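The listed protein sequences derive, respectively, from chains A and B.
Note that this note's numbering has the first sequence beginning at 1, numbered continuously upward.
Note that this note's numbering has the second sequence beginning at 1, numbered continuously upward.
Just so you know, the hints here were simulated from the structure itself, not pulled from any lab data.
What you are looking at is a predicted structure, and each value in this text was computed from that prediction instead of being measured.
The beta carbon of each residue, even a glycine, is placed where N, CA and C say it ideally should be.
Check each hint, because a few of them may be wrong.
[As the list claims (entries may be wrong)] Derived EDC-like pairs: lysine to aspartate or glutamate, alpha-carbon spacing no greater than 16 angstroms straight-line: (1) B/K305 <-> B/E385; (2) B/K397 <-> B/E433; (3) A/K47 <-> B/E128; (4) B/K550 <-> B/E562; (5) A/K47 <-> B/E562; (6) B/K679 <-> A/D261; (7) B/K581 <-> B/D599; (8) A/K66 <-> A/D25.
[To be verified] A few chain A positions that, by computed beta-carbon distances, are all more than 12 angstroms from chain B: (9) Q6; (10) P60; (11) E67; (12) V139; (13) Q160; (14) A193; (15) D194.
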Amino acid sequence: MPRVLQPFEYLEPRSAAEATRILADYGTRAKAMAGGVDLLPRIRQRKICPEVIVSIQNIPGLDSIKEERGQLRIGALVTLHTAELDRLIKERYTALHEAVHHLASVQVKTMATLVGNLCVATPASDMAAALFVLGASLVVVSPDKERAIPIEQFFLKPGQTALQPGELVTEIVVPAPAPDSGSAFLKLVRTAADIAKVNAAVCLTVDGDACKEARIALGSVAPTTIRAPRAEAAIKGQKLTGDTIQAAARAAEAESRPITDVRSNADYRREMSGLLVGRAIKIAFQRARGQHE
Amino acid sequence: MASELAVVGKRLTRPDVAAKATGSALYTTDMTLPGMLTAAVLRSPHAHARIVKIDTSRAAKLPGVMAVLTTRDVPDKLFNMGTSELLIIKKEHLIADQHVLNNPVRYAGEAVAAVAAVDEATAQAALELIEVEYEVLPAVFDPLEAIKPGAPRVHDFAGNNIAQHLSHPYVSGDVEKGFRESDAVIEGTFTTSKQKTAPLEPASCVASFDANGRVTVWSPAQRPFLARRRLGEAFDIPEGKIRWITPLIGGGFGNGASLRAEPICVALAQKTRRPVKLEYSREEQFVATETRTRFVQMVKLGVKKDGTMIALQTRVIADAGAYFSATGSITGVNMAYLLGLYRVPNTAGQADIVYTNTTPSGAVRGYGNPEGMFALEQVVDMAAEKIGMDPMELRLKNHRTTGEPSRSPSITIESCRLAECMQLGAEKIGWKEKRATRNKAGIKRRGLGMAVTTHNAGSFPRMLDYTNATIKLNEDGSANLTAGCCELGQGITGVVSQIAAEALGMHAQDIVVYAGDTDVNEFDAGCVGSRATYNIGNAVVRAASEAKQKLLERAAKMLEAEPGELEAREGRVFFKVAPDKGITIAEVAKDAIYNFKGDAGQISGHCSWEAKWNTPAFEAVFAEVEVDTETGEVRVIKVAQAHDIGRAINPLTVEGQLEGSIMQGMGWALTEDFAVNSKGILESDNFTSYKIPSSMDIPETEVLLVEYPIESGPFGAKSVGECGVNAIAPAIANAISDATGIRLFELPMNPERVLHALHRKEAGGLSY
Ligand SMILES: Cc1cc2nc3c(=O)[nH]c(=O)nc-3n(C[C@H](O)[C@H](O)[C@H](O)COP(=O)(O)OP(=O)(O)OC[C@H]3O[C@@H](n4cnc5c(N)ncnc54)[C@H](O)[C@@H]3O)c2cc1C
Numbered sequence: 001m002p003r004v005l006q007p008f009e010y011l012e013p014r015s016a017a018e019a020t021r022i023l024a025d026y027g028t029r030a031k032a033m034a035g036g037v038d039l040l041p042r043i044r045q046r047k048i049c050p051e052v053i054v055s056i057q058n059i060p061g062l063d064s065i066k067e068e069r070g071q072l073r074i075g076a077l078v079t080l081h082t083a084e085l086d087r088l089i090k091e092r093y094t095a096l097h098e099a100v101h102h103l104a105s106v107q108v109k110t111m112a113t114l115v116g117n118l119c120v121a122t123p124a125s126d127m128a129a130a131l132f133v134l135g136a137s138l139v140v141v142s143p144d145k146e147r148a149i150p151i152e153q154f155f156l157k158p159g160q161t162a163l164q165p166g167e168l169v170t171e172i173v174v175p176a177p178a179p180d181s182g183s184a185f186l187k188l189v190r191t192a193a194d195i196a197k198v199n200a201a202v203c204l205t206v207d208g209d210a211c212k213e214a215r216i217a218l219g220s221v222a223p224t225t226i227r228a229p230r231a232e233a234a235i236k237g238q239k240l241t242g243d244t245i246q247a248a249a250r251a252a253e254a255e256s257r258p259i260t261d262v263r264s265n266a267d268y269r270r271e272m273s274g275l276l277v278g279r280a281i282k283i284a285f286q287r288a289r290g291q292h293e
Numbered sequence: 001m002a003s004e005l006a007v008v009g010k011r012l013t014r015p016d017v018a019a020k021a022t023g024s025a026l027y028t029t030d031m032t033l034p035g036m037l038t039a040a041v042l043r044s045p046h047a048h049a050r051i052v053k054i055d056t057s058r059a060a061k062l063p064g065v066m067a068v069l070t071t072r073d074v075p076d077k078l079f080n081m082g083t084s085e086l087l088i089i090k091k092e093h094l095i096a097d098q099h100v101l102n103n104p105v106r107y108a109g110e111a112v113a114a115v116a117a118v119d120e121a122t123a124q125a126a127l128e129l130i131e132v133e134y135e136v137l138p139a140v141f142d143p144l145e146a147i148k149p150g151a152p153r154v155h156d157f158a159g160n161n162i163a164q165h166l167s168h169p170y171v172s173g174d175v176e177k178g179f180r181e182s183d184a185v186i187e188g189t190f191t192t193s194k195q196k197t198a199p200l201e202p203a204s205c206v207a208s209f210d211a212n213g214r215v216t217v218w219s220p221a222q223r224p225f226l227a228r229r230r231l232g233e234a235f236d237i238p239e240g241k242i243r244w245i246t247p248l249i250g251g252g253f254g255n256g257a258s259l260r261a262e263p264i265c266v267a268l269a270q271k272t273r274r275p276v277k278l279e280y281s282r283e284e285q286f287v288a289t290e291t292r293t294r295f296v297q298m299v300k301l302g303v304k305k306d307g308t309m310i311a312l313q314t315r316v317i318a319d320a321g322a323y324f325s326a327t328g329s330i331t332g333v334n335m336a337y338l339l340g341l342y343r344v345p346n347t348a349g350q351a352d353i354v355y356t357n358t359t360p361s362g363a364v365r366g367y368g369n370p371e372g373m374f375a376l377e378q379v380v381d382m383a384a385e386k387i388g389m390d391p392m393e394l395r396l397k398n399h400r401t402t403g404e405p406s407r408s409p410s411i412t413i414e415s416c417r418l419a420e421c422m423q424l425g426a427e428k429i430g431w432k433e434k435r436a437t438r439n440k441a442g443i444k445r446r447g448l449g450m451a452v453t454t455h456n457a458g459s460f461p462r463m464l465d466y467t468n469a470t471i472k473l474n475e476d477g478s479a480n481l482t483a484g485c486c487e488l489g490q491g492i493t494g495v496v497s498q499i500a501a502e503a504l505g506m507h508a509q510d511i512v513v514y515a516g517d518t519d520v521n522e523f524d525a526g527c528v529g530s531r532a533t534y535n536i537g538n539a540v541v542r543a544a545s546e547a548k549q550k551l552l553e554r555a556a557k558m559l560e561a562e563p564g565e566l567e568a569r570e571g572r573v574f575f576k577v578a579p580d581k582g583i584t585i586a587e588v589a590k591d592a593i594y595n596f597k598g599d600a601g602q603i604s605g606h607c608s609w610e611a612k613w614n615t616p617a618f619e620a621v622f623a624e625v626e627v628d629t630e631t632g633e634v635r636v637i638k639v640a641q642a643h644d645i646g647r648a649i650n651p652l653t654v655e656g657q658l659e660g661s662i663m664q665g666m667g668w669a670l671t672e673d674f675a676v677n678s679k680g681i682l683e684s685d686n687f688t689s690y691k692i693p694s695s696m697d698i699p700e701t702e703v704l705l706v707e708y709p710i711e712s713g714p715f716g717a718k719s720v721g722e723c724g725v726n727a728i729a730p731a732i733a734n735a736i737s738d739a740t741g742i743r744l745f746e747l748p749m750n751p752e753r754v755l756h757a758l759h760r761k762e763a764g765g766l767s768y
């Protein structure tokens, strides 16, 4: 395995418009770079050989987290470290906070961006699972237009997103959590700084003991992060009891389609999909009812 | 040692850390020479394949490529990359089974060809131009498959892939009779994994021939003299024509006890007549340097109702991987510790060393002992359970102690403080109280486990354990010490400077240590086998004492006294009866050089030291774990580790060794997995796929030093380098069993295996 990077041209545009023009001009020969945490090792391993790297680090205005008209907006240069320290995220978007908090080490968090994490399109993305249940979408710009992509439509297959050549993600937009809602994120890893064997996120809106709304997502058990609609159906409109939660867990298990790889095996992942969903429902439920664990 | 120690036993800052903290420390890869080329290695994509044709013409024509190396260019001579065998007194373990480049290749990732070019990018590009036609051969990856009739043959000479059969040399009594007389017989088969140590510095080498054909090699080898001899054998170069320099080593753990990047690097330097640097990538470090040996160990123990151990038998299959390297002596050590920790009248041990088409195994911290302890220390717990005895009581009753034969029966144990280690560790972990009250119901269950171990200081008497030390005093009162102590991060530089300073009456910071250079240093067997503090330290004490004698003699002349009236301490020579009357060592040392009275004679001391004794260290490890019975996750909550150190020359350094051992042992126990797929391709070849614990995973640790200075060690010191890693995995395994009732027979004990065992237990199957 080589130790050195293949040579490439390195550009630092000053605006999103300029960046998208360059990306459009070079097409598949160019790659955007945020933190470079994923991109640079991939170049070293010769999995990709871009001729041009377009750093977005010098584009102003992409590094903030703000709440506007009830929506949380996370810029493309916001690092995991910044997001982890954000009080708003911690207090209101709990699943996202937990996903960020449990991700890797401080070194990785300091460099890596949330948007970069999504653009890698790994089925194990912790960000993706949390943002699936929080109903996020991505703001995408290209030289001639801007569009929003709901996060559930963003991932096509491992390593592939819905982005077209020349498109750049500028923001993640997360709607305000509904009243009486709560969310939770859980994952299983080998060591503390590891990519998930399985991750699960749950967001519930409750009315007393009953579950009004449920969104459940699973990662690392299918080619992309998935929603688990049958698990959601098992609790939606139901009282949350041991039985209904168990039914949701079993449905989630059936909805997972895991493989065996170096991190774990398919059987374990399947079983754990259900288990994590069950556990996350319980935590989210307590949070939705304003109780703390 | 009449008076209190001035330097030894102090928590001094190590002399190597400032350079490391500031980034100015120089390692092999920092070396650059004029005209130096960069090498790169083409590696086999197949686990077993004959190279039918290799066309290097396009690569050779690439501008900037200076040489392409194939099997045709390397010496037609078999050798062994390991170095241990050079010192074995009985030569039974010797097997030479590899060339610098081999055809056929016998594991995926083995070197096929190499290139030297003006820079790394050119060398890499050239590799892609080498065309190889392989005839893929059937391959075998599991040692138990490899010994079956009809299995693919890894080496022609090894029928059934058995490279060597070993019988334990020190068997005693009659095991069959012993088992018949036992009240309980426990048997289990335990499989360990090919752990990869994770030194920060991957294998690397710089080699340069001079105009007279003499070669200088810079490399992070842990045994410069033995590496020089091995290299010389492979290339038919006499030792004197090789200068081997080991600079600072970025982590050893045994990996540098074998040759790694050096043979290819030297071959390219020889071919190009230019300096060549070869630096392995992390992936190459994983796939193409030696791993811990996978052992399949059947261990059978017979005990009486009262806990007396009667019979102990082991049958071991050791997976050497594709080449033999040091697996013979590792397996010998494995058997010796398996059968040598406890006092058992009837013992027997057999082992087969088997080839597979996997990365070769070799020296790794513990050298067969942790593998043995993973099996033995679980079997001991199983026996305790069966006869209803506290596992600690059973161990206290049976472990060998002071005055009894050590694992090398010709050596009597000089001092054993294992009982004290057990008591201290038990107290710190809360053994009695917690085991009585622990929660055995619910989803998350807690458990406590223990294991004990012993480890020698060096390899005497099975191997030659020889070293030299020389010290000279400079006119400012500083001293240069040349000794065999390569600094691989373990802190030996600080240890020997504290020993020398104490013995001479100086300050530790006034001792400048030089090691690892075969042109300057005298012979030493290397920083391996937990030998350095004990054996090199013994040489250093004596060299320093000799210098001290000369120092006192000269000081006596200067002070018009008798040497016997004087003492040296903390940089001064003074009258014993009037300590404030005296002169500085600097004044004496200066008088020895700038004498002007016809009486010059620089103060120096030398010691040539051949080990004549070997006092093992002992250790007790206690672990508390929490098992999530729904996920199978094991969280290590606390580890208490009590080590019988004799005397800690620098307690900080000893604690560092032990804390590192806990992490390395935990990784081996729980997460590290050298995962090879069905084609023999290594899937875990970086730190994303191969998980070692990080600072975020470390449990609460309590490292306890039990200090009773011994006669045979320098200032009473025993060893610590490897011992700490031996008993971690079995202590965790026993704690898991205590928490859940399941037994795990295979490493790593990952959640998948734990959950599987829990399900089997629930389904009413055997708990083990
Ligand atoms: C040791 C380690 C542990 C990790 N553990 C986890 C984990 O537990 N869970 C987890 O989910 N992830 C984990 N990761 C992945 C990590 O979170 C991502 O690699 C990181 O967030 C990528 O962000 P970046 O800013 O560095 O992206 P970069 O490496 O800069 O870019 C990644 C990809 O996204 C593209 N890209 C980046 N920004 C944009 C943009 N604005 N518009 C369009 N395309 C863009 C790039 O072209 C590139 O293809 C881990 C990584 C490491 C190294």
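Hints, verified against the model:
no. : hint              : verdict
1   : B/K305 <-> B/E385 : holds (11 angstroms)
2   : B/K397 <-> B/E433 : violated (21 angstroms)
3   : A/K47 <-> B/E128  : holds (15 angstroms)
4   : B/K550 <-> B/E562 : holds (12 angstroms)
5   : A/K47 <-> B/E562  : violated (77 angstroms)
6   : B/K679 <-> A/D261 : holds (14 angstroms)
7   : B/K581 <-> B/D599 : violated (24 angstroms)
8   : A/K66 <-> A/D25   : violated (32 angstroms)
9   : Q6                : violated (8 angstroms)
10  : P60               : holds (33 angstroms)
11  : E67               : holds (31 angstroms)
12  : V139              : holds (30 angstroms)
13  : Q160              : holds (20 angstroms)
14  : A193              : violated (5 angstroms)
15  : D194              : violated (6 angstroms)
Violated hints, in rising order: 2, 5, 7, 8, 9, 14, 15; the structure is consistent with all others.
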